[in-house]
Amino acid sequence: MRSYFALMRGSYMIGLVYRFGFLFSIAGNIIYMSVTYFLWHSIYQGKATIHGLTFDQTYTYVALGSAVFILLKTYVDWQMSFDIREGMIAAYLIKPIDLQLYELFTSFGSFLMSLSAITIPTVLLLIIVFRIQIPLGLGLILFPFSLILAYLLGFCFDYFTGLLGFYTESIWGLSITKDIIVMVLSGALIPLQFFPTVIQKILLWLPFQAIYYTPLTMAAQPMLSWETFLSMLAVQIFWVITLFTLTRLFYNQAVKVLRISGG
Amino acid sequence: MHSLTDYLHLYFTIEKQYIKARMQYRADFIISSIGMFFSSLATLGIFWVIFNSIPDLAGWTFTQLIFIYGFYMIAISPMQILFDNIWQIRFHVQQGTFLKYYFRPLNMMFYYMSETFDLKGLTQLAGGIVLLIYASHQLNIVWSPLQIVLLLLTLFSASLVQISITILAGCAAFWVLDAYPILGLAWKLREYAPYPMNIFDGAFRFTFTYIIPLGFVAFYPSQLFLQPQTVSKLIYVSPIVGIGLFALTYWVWTLGVNSYTGTGS
Amino acid sequence: MSLIHVEHLSKHFKVLNRREGLSGAFRDLFSGNYRTVKAVEDISFDIEAGEIVGYIGPNGAGKSTTIKMMTGILKPTDGTLQVNGLVPYNNRIHQAQIMGVVFGQRSQLWWDLPVIESFKILKEIYKVDQATFDKHMNLFNELVGLKSLYSQQVRTLSLGQRMLCDITASFLHNPQIVFLDEPTIGLDISIKAKIRSVIKELNQIHNTTIILTTHDLGDVEALCRRIIIIDKGKILYDGDIKKVNALFGAYRTLKLQIDNFSESTLTDLRTDLAKHFDVDHGIVVAQTEEFWTDVTIDQAHTPLSDVLNFVMSGFPVSDVRIVEISMENVVQRVYDGALG
Numbered sequence: 001m002r003s004y005f006a007l008m009r010g011s012y013m014i015g016l017v018y019r020f021g022f023l024f025s026i027a028g029n030i031i032y033m034s035v036t037y038f039l040w041h042s043i044y045q046g047k048a049t050i051h052g053l054t055f056d057q058t059y060t061y062v063a064l065g066s067a068v069f070i071l072l073k074t075y076v077d078w079q080m081s082f083d084i085r086e087g088m089i090a091a092y093l094i095k096p097i098d099l100q101l102y103e104l105f106t107s108f109g110s111f112l113m114s115l116s117a118i119t120i121p122t123v124l125l126l127i128i129v130f131r132i133q134i135p136l137g138l139g140l141i142l143f144p145f146s147l148i149l150a151y152l153l154g155f156c157f158d159y160f161t162g163l164l165g166f167y168t169e170s171i172w173g174l175s176i177t178k179d180i181i182v183m184v185l186s187g188a189l190i191p192l193q194f195f196p197t198v199i200q201k202i203l204l205w206l207p208f209q210a211i212y213y214t215p216l217t218m219a220a221q222p223m224l225s226w227e228t229f230l231s232m233l234a235v236q237i238f239w240v241i242t243l244f245t246l247t248r249l250f251y252n253q254a255v256k257v258l259r260i261s262g263g
Numbered sequence: 001m002h003s004l005t006d007y008l009h010l011y012f013t014i015e016k017q018y019i020k021a022r023m024q025y026r027a028d029f030i031i032s033s034i035g036m037f038f039s040s041l042a043t044l045g046i047f048w049v050i051f052n053s054i055p056d057l058a059g060w061t062f063t064q065l066i067f068i069y070g071f072y073m074i075a076i077s078p079m080q081i082l083f084d085n086i087w088q089i090r091f092h093v094q095q096g097t098f099l100k101y102y103f104r105p106l107n108m109m110f111y112y113m114s115e116t117f118d119l120k121g122l123t124q125l126a127g128g129i130v131l132l133i134y135a136s137h138q139l140n141i142v143w144s145p146l147q148i149v150l151l152l153l154t155l156f157s158a159s160l161v162q163i164s165i166t167i168l169a170g171c172a173a174f175w176v177l178d179a180y181p182i183l184g185l186a187w188k189l190r191e192y193a194p195y196p197m198n199i200f201d202g203a204f205r206f207t208f209t210y211i212i213p214l215g216f217v218a219f220y221p222s223q224l225f226l227q228p229q230t231v232s233k234l235i236y237v238s239p240i241v242g243i244g245l246f247a248l249t250y251w252v253w254t255l256g257v258n259s260y261t262g263t264g265s
Numbered sequence: 001m002s003l004i005h006v007e008h009l010s011k012h013f014k015v016l017n018r019r020e021g022l023s024g025a026f027r028d029l030f031s032g033n034y035r036t037v038k039a040v041e042d043i044s045f046d047i048e049a050g051e052i053v054g055y056i057g058p059n060g061a062g063k064s065t066t067i068k069m070m071t072g073i074l075k076p077t078d079g080t081l082q083v084n085g086l087v088p089y090n091n092r093i094h095q096a097q098i099m100g101v102v103f104g105q106r107s108q109l110w111w112d113l114p115v116i117e118s119f120k121i122l123k124e125i126y127k128v129d130q131a132t133f134d135k136h137m138n139l140f141n142e143l144v145g146l147k148s149l150y151s152q153q154v155r156t157l158s159l160g161q162r163m164l165c166d167i168t169a170s171f172l173h174n175p176q177i178v179f180l181d182e183p184t185i186g187l188d189i190s191i192k193a194k195i196r197s198v199i200k201e202l203n204q205i206h207n208t209t210i211i212l213t214t215h216d217l218g219d220v221e222a223l224c225r226r227i228i229i230i231d232k233g234k235i236l237y238d239g240d241i242k243k244v245n246a247l248f249g250a251y252r253t254l255k256l257q258i259d260n261f262s263e264s265t266l267t268d269l270r271t272d273l274a275k276h277f278d279v280d281h282g283i284v285v286a287q288t289e290e291f292w293t294d295v296t297i298d299q300a301h302t303p304l305s306d307v308l309n310f311v312m313s314g315f316p317v318s319d320v321r322i323v324e325i326s327m328e329n330v331v332q333r334v335y336d337g338a339l340g
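Just so you know, the protein sequences line up as chains A, B and C, in that order.
If you count by this note's numbering, then the first sequence holds residues 1 to 263, one letter each, in order.
If you count by this note's numbering, then the second sequence holds residues 1 to 265, one letter each, in order.
If you count by this note's numbering, then the third sequence holds residues 1 to 340, one letter each, in order.
Treat the hints as calculated values from the structure; they're not laboratory data.
For every residue, glycine included, the Cβ atom is placed at its ideal position computed from N, Cα and C.
Quick look at which bits of chain A chain B covers, simulated, 3 or more residues with Cβ under 8 angstroms:
| id | stretch |
| --- | --- |
| 1 | 38 to 46 |
| 2 | 162 to 174 |
| 3 | 177 to 188 |
| 4 | 191 to 203 |
Distance ranges between label pairs, derived from CB positions:
| id | chain 1 | residue 1 | chain 2 | residue 2 | range |
| --- | --- | --- | --- | --- | --- |
| 5 | B | T5 | C | Y150 | 26 to 32 angstroms |
| 6 | C | V15 | B | L4 | 37 to 43 angstroms |
| 7 | A | L112 | B | D178 | 19 to 25 angstroms |
| 8 | B | P145 | C | S148 | 51 to 57 angstroms |
| 9 | B | W175 | C | T265 | 54 to 60 angstroms |
| 10 | B | I133 | A | L206 | 31 to 37 angstroms |
| 11 | A | I202 | C | W111 | 42 to 48 angstroms |
| 12 | A | E169 | C | D240 | 53 to 59 angstroms |
| 13 | B | G184 | C | V323 | 45 to 51 angstroms |
| 14 | B | L4 | A | E169 | 35 to 41 angstroms |
From just these sequences and the hints, can you work out the full model?
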């Protein structure tokens with residue numbers, strides 16, 4: 001177990017080195033927050049609520065969405081594709097480690113790094129610059145836990161994409177498609193309430209909403225009932241367990257391809 | 001040394017071979033094209049959802065936004081297809097492999113950019129054309145020969161704006177060690193090009209018009225076709241902005257190329 | 001007027017003295033503290049058409065800087081540099097027409113394309129007419145069997161094949177000067193020999209001037225009649241190779257791994273060799289890295305095989321390596337006045 005924590009610490013340290021990249025991530029985030037502020041301000045012209053959400057609630061949701069997006073970005077799919085190309089995966093297959101756990105702990109270090117470097121400034125910006133009022137409710141307390149669960153879910157999708165990469169060299173296309181599917185279907189860019197009702201109902205049944213819609217709703221609408229939050233968390237946990245299991249099973253299939261093609 | 005026709009013919013020769021070689025990777029082409037296609041439509045998807053709840057955005061209908069979006073997709077395609085090699089520049093500069101581009105009797109930007117031809121960008125181009133045709137049909141825009149010439153001119157200029165912004169950001173690699181994030185940020189900015197400029201207030205509108213002229217990639221030029229009567233003088237600058245910006249970009253590129261001395265002794 | 005005329009040529013670089021730490025980096029942005037690096041300092045030489053010149057020296061000597069100036073990439077700080085009557089820096093594209101460049105480490109051909117397509121593209125870039133193109137392609141086929149490689153992608157070629165393609169490609173447009181940088185690096189002995197003979201042939205057929213920069217003294221021995229040795233930006237020697245051959249041509253270093261090595265082994269080895277061989281004429285024993293003992297021999301006086309047999313019969317040798325004398329060693333000897 002100790003070795004897994006070493007992996008985490010290692011990636012945390014590497015994150016510190018790429019200060020320049022982080023700076024630009026934050027700059028990009030600020031620009032996104034500003035542009036969407038104007039966009040939503042325009043949308044809410046002369047309206048107090050749309051689909052039951054006030055401007056403050058919707059904007060909090062959207063603005064935090066971009067911070068969370070950076071937070072949940074694992075690059076696991078890219079890392080795995082890179083490792084295959086370098087022939088390193090063969091080494092993993094021989095060593096007595098679990099590939100999924102290995103990738104998870106490596107990426108978790110940078111997650112912790114991003115958490116402090118990005119989310120906190122974003123929230124501060126929201127409150128100080130954009131003067132958004134976020135009431136202190138239960139949702140805010142549950143938000144970090146929900147984020148961790150969301151992270152695990154997002155990881156599953158990235159890991160799955162990485163496994164798909166065993167079959168084809170086209171990791172860019174796979175990764176982009178995965179990103180888009182997740183972003184669009186999870187309500188990362190817009191609260192699900194805005195979607196047409198039929199589509200909304202479908203989306204709520206899919207695992208994607210548990211990645212963005214759930215935690216973002218907790219942060220944007222912290223005053224909802226504790227039963228609502230509880231069921232949201234339960235759904236998240238359900239999907240985490242399901243997807244972890246499914247991807248582990250898929251690993252057993254995918255690894256056969258590696259063994260055949262020689263890694 | 002080489003005339004423009006020489007360069008065109010040479011480009012055709014090189015890319016014909018390049019495409020032949022890339023087509024071996026069928027799966028990669030298909031998957032990448034699908035990925036590109038969806039990602040380029042993501043912002044439009046957002047607009048579609050938004051317009052589900054409101055009749056218009058800052059005075060613009062959804063159909064008008066589709067027009068702007070189609071224009072945008074076409075305008076960013078030349079950058080995607082022809083200049084994709086800019087993403088490798090940091091690698092070449094740091095590894096010293098950039099030196100190879102100095103040794104042929106060719107313009108260096110031409111030689112460097114001719115090394116890649118991004119086929120999947122064609123899906124973006126096709127998508128943009130479809131959207132533009134659909135929207136102009138819905139909006140009953142009349143396409144007289146003069147309008148078409150104007151369209152091609154503004155598309156040309158708009159594509160130059162996008163190309164310039166991206167290459168300028170890429171040129172940072174000549175002077176800065178970890179220049180990739182700069183390019184990444186410039187690339188992210190392009191997503192905001194289809195947004196109607198009048199949702200922004202003073203400072204931002206100023207920035208996106210005069211400093212990083214994203215407005216000229218799609219929004220301002222589209223006005224010439226969407227609201228020709230109420231168009232401000234600013235719009236007529238559209239064709240010149242692209243050319244001027246590209247001249248600046250080429251100048252910075254030349255500076256970078258001259259200052260680069262390579263690694264090793 | 002010589003083909004390449006260099007007179008009092010200098011190139012100085014202003015290098016930032018980077019300060020330590022984050023605050024140092026910040027201060028550097030505003031008040032840079034520069035020092036001048038004299039990469040090339042007051043060098044002069046003339047090269048005529050048809051010469052094969054070895055331009056050698058240790059790393060950091062100024063070789064690449066000179067080549068970059070000759071190819072028009074770098075602007076000289078001082079002095080005169082003319083290639084074919086023109087100043088390279090102001091005429092990069094024009095000069096590129098009469099030059100060829102080959103890097104040992106990286107190919108200049110199109111990686112994903114079949115070999116023949118690279119040649120066809122070069123034909124168009126350099127505006128080679130069909131007759132010349134055909135003639136040259138036939139020549140290349142005679143020399144290296146190029147036709148058999150036509151349909152293979154460059155990236156699938158072996159290193160040796162790729163080098164041969166790069167070298168022949170650099171002659172396609174009949175350049176007046178070809179710069180070869182480490183053309184045989186990483187290749188085995190038989191391919192090295194093949195490449196050297198191809199270079200020689202091409203030089204003779206077209207009277208192409210060849211400037212060879214390499215660390216492989218075998219290349220230099222095989223190809224060059226004239227050597228220019230450069231170190232720390234200055235020319236140490238410019239002349240016939242025969243003189244320098246005496247410096248390094250015959251020297252070999254025998255690297256031995258001796259079991260049960262101790263202090264006394266080294267002394268014993270020295271005394272034994274001194275007794276048996278004429279040590280005054282060039283046998284030097286030294287201990288270099290941890291378990292290797294170097295015995296440097298001047299083969300002109302003592303056959304290596306004799307020394308090797310002697311040592312192996314008297315000492316428990318577990319591993320042997322034979323290496324040529326290093327470039328650094330050659331330069332050191334020149335400094336020490338070996339050339340008088």
